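These protein sequences, in sequence, are chains A and B.
So the first sequence is residues 1 to 112, counted in our numbering.
So the second sequence is residues 113 to 223, counted in our numbering.
Worth flagging that the hints you see were computed from the coordinates, not collected in a lab.
All of these numbers come straight from a predicted model, not from anything done at the bench.
There may be inaccurate statements among the hints.
Straight-line alpha carbon distances no greater than 27 Å define the calculated DSSO-like cross-link-like pairs of lysine-lysine that follow [unchecked claim]:
hint: 1; chain 1: B; residue 1: 125; chain 2: A; residue 2: 59
hint: 2; chain 1: A; residue 1: 107; chain 2: A; residue 2: 63
hint: 3; chain 1: A; residue 1: 79; chain 2: A; residue 2: 59
hint: 4; chain 1: A; residue 1: 111; chain 2: A; residue 2: 59
hint: 5; chain 1: A; residue 1: 69; chain 2: A; residue 2: 57
hint: 6; chain 1: A; residue 1: 42; chain 2: B; residue 2: 142
Just so you have them, the derived chain A footprint on chain B, three or more residues with Cβ under 8 Å [unchecked claim]:
hint: 7; region: 127–137
hint: 8; region: 152–163
We put the beta carbon where it would ideally sit given N, CA and C, even for glycine.
Listed below, chain by chain, are the residues.
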Amino acid sequence: EDQVTQSPEALRLQEGESSSLNCSYTVSGLRGLFWYRQDPGKGPEFLFTLYSAGEEKEKERLKATLTKKESFLHITAPKPEDSATYLCAVFDYGGSQGNLIFGKGTKLSVKP
Amino acid sequence: DAGVTQSPTHLIKTRGQHVTLRCSPISGHKSVSWYQQVLGQGPQFIFQYYEKEERGRGNFPDRFSARQFPNYSSELNVNALLLGDSALYLCASRRTGDEQFFGPGTRLTVL
């Protein structure tokens, strides 16, 4: 069964304290790993797509990386406005559905 | 360009009732997917429609149904509502690539 597991479930950082979020996955045929940001009560906001091991993408203070079994979202010198839940998802054409399988997310809180 | 829009924003229903949720995709996007997100969980896939045809269905009971119209907008219908149907219902659209863009969601509360 396809699975996406995110850790930690929650992360509290001080402003400026860099850290990483983890997303491990098991799928029958990976075609894309996605990172989204979700603010409370709102829809997920697209951040990155990664397709192959070794690929990296950056956006402001965020950098996403991909290996064959997991992805990391690195947050450098976070600010309070980075506080949100970060969702990881895989797009699996190898299974019966061609849609996104999400993890439960990591809730990030950044204190000033 | 306008993003994905959904209506209504919030909805309160009682058990056994029926509900219809609506979604308008980003202009030019022909694929619409519906997801259910309960509190503390990631979104779970319900349906995908492309060019008015169902292209995928998640593990949801037959009480859930959907359709897509010629203008690519979509409706999600849920019959015989249960307390467990309370959730944020998300619509996502995409053009031809893999990235899906989500709307703000409809918060459904079943009492």
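Quick rundown of the hints versus the structure:
1. 125/B with 59/A: violated, 41 Å
2. 107/A with 63/A: Holds - the C-alpha atoms of residue 63/A and residue 107/A are around 17 Å apart, at most 27 Å.
3. 79/A with 59/A: Given pair residue 79/A, residue 59/A holds - Cα atoms ~14 Å apart, limit 27 Å.
4. 111/A with 59/A: holds, 21 Å
5. 69/A with 57/A: holds, 17 Å
6. 42/A with 142/B: holds, 23 Å
7. 127–137: Not satisfied, violated; 0 residues make the cut.
8. 152–163: holds (count 7)
Going down the numbered hints, you'll see the structure goes against 1, 7, while the others check out.
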